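Q: Kindly generate the complete structure, drawing on both the sequences and the hints.
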Amino acid sequence: MAVYTIPNFLTMLRILAIPGIVCSLYAQSFWGDWIAFSFYGAACITDFFDGYIARAMRQTSMVGRFLDPIADKLLVSTVLISYVGLGRLTDWNLIPVILIVCREIFISGLREFLADYQIRMPVSQLGKWKTTTQMLALGFLMVYPSAPKEWMTYEIGVALLWLSTLITLWSGVAYMISALRQTSRAHH
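Going letter by letter, the sequence shown gives residues 1 to 188 in my numbering.
Source of the hints: derived by calculation from the structure; they are not laboratory data.
Watch out, some of these pointers could steer you wrong.
[What the hints assert, rightly or not] Taking CB as the label site, the calculated pair distances span: (1) 148 to 12: 51 to 61 Å; (2) 182 to 151: 38 to 48 Å; (3) 183 to 27: 40 to 50 Å; (4) 118 to 94: 17 to 27 Å; (5) 9 to 116: 22 to 32 Å; (6) 119 to 86: 37 to 47 Å; (7) 148 to 62: 41 to 51 Å; (8) 62 to 90: 33 to 43 Å.
Bear in mind the structure is a predicted one, so any value in this text is a computation, not a measurement.
The C-beta atom is built at its ideal place from N, Cα and C for all residues, glycine as well.
A: Here it is, written out as structure tokens:
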């Protein structure tokens, strides 16, 4: 089983970018926002390329299948929680934060539970759309304090956040249904 692969390295870079993103956000400055966005953009790009390279170079691994979704969940959840701490998401916009973070924790636990039964729950296409819309939403919200108001980054970011919440819940239900089917088959 290959551990030291280019895709796994890219996934680790995504995880390692998180402290830089958070520290830059908490600088609460024009440059801090754009530096955070640079780290964040690079992290999001690694999410695309790690899977693409793994398939193209036949470097898929158990480590990669384990780490990739964790890296995504850590990145998204940490940035969401940072936005709450910074007051960038308040009032009704806390609902998506709570729903997304709870869903991510629940699905991670579900995957762990299913692993005890040797049942794999691969990432679905809906799960990929979920991650993409979450990452886009967070990118828009990351630069809104420093971007020109005409860019409407806050409005676009919030709209994408609510859309990503719907997709997040939908994919969570789809994973639950799949898990129930697989566990019922495993018991027969």
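Q: All the hints need checking, so say for each whether the structure fits it.
A: Cross-check of the supplied hints:
1. 148 to 12: 51 to 61 Å: violated, 35 Å
2. 182 to 151: 38 to 48 Å: holds, 45 Å
3. 183 to 27: 40 to 50 Å: At roughly 47 Å between Cβ atoms, residue 27 and residue 183 fall inside 40 to 50 Å, so the hint holds.
4. 118 to 94: 17 to 27 Å: Check failed, 38 Å falls outside 17 to 27 Å.
5. 9 to 116: 22 to 32 Å: holds, 29 Å
6. 119 to 86: 37 to 47 Å: Between residue 119 and residue 86, where Cβ atoms are some 39 Å apart, the hint holds.
7. 148 to 62: 41 to 51 Å: For residue 148 and residue 62 the Cβ distance comes to about 46 Å; the hint holds.
8. 62 to 90: 33 to 43 Å: Given range 33 to 43 Å: holds, Cβ gap about 41 Å.
Hints 1, 4, counting from the list given before, are not met by this structure.
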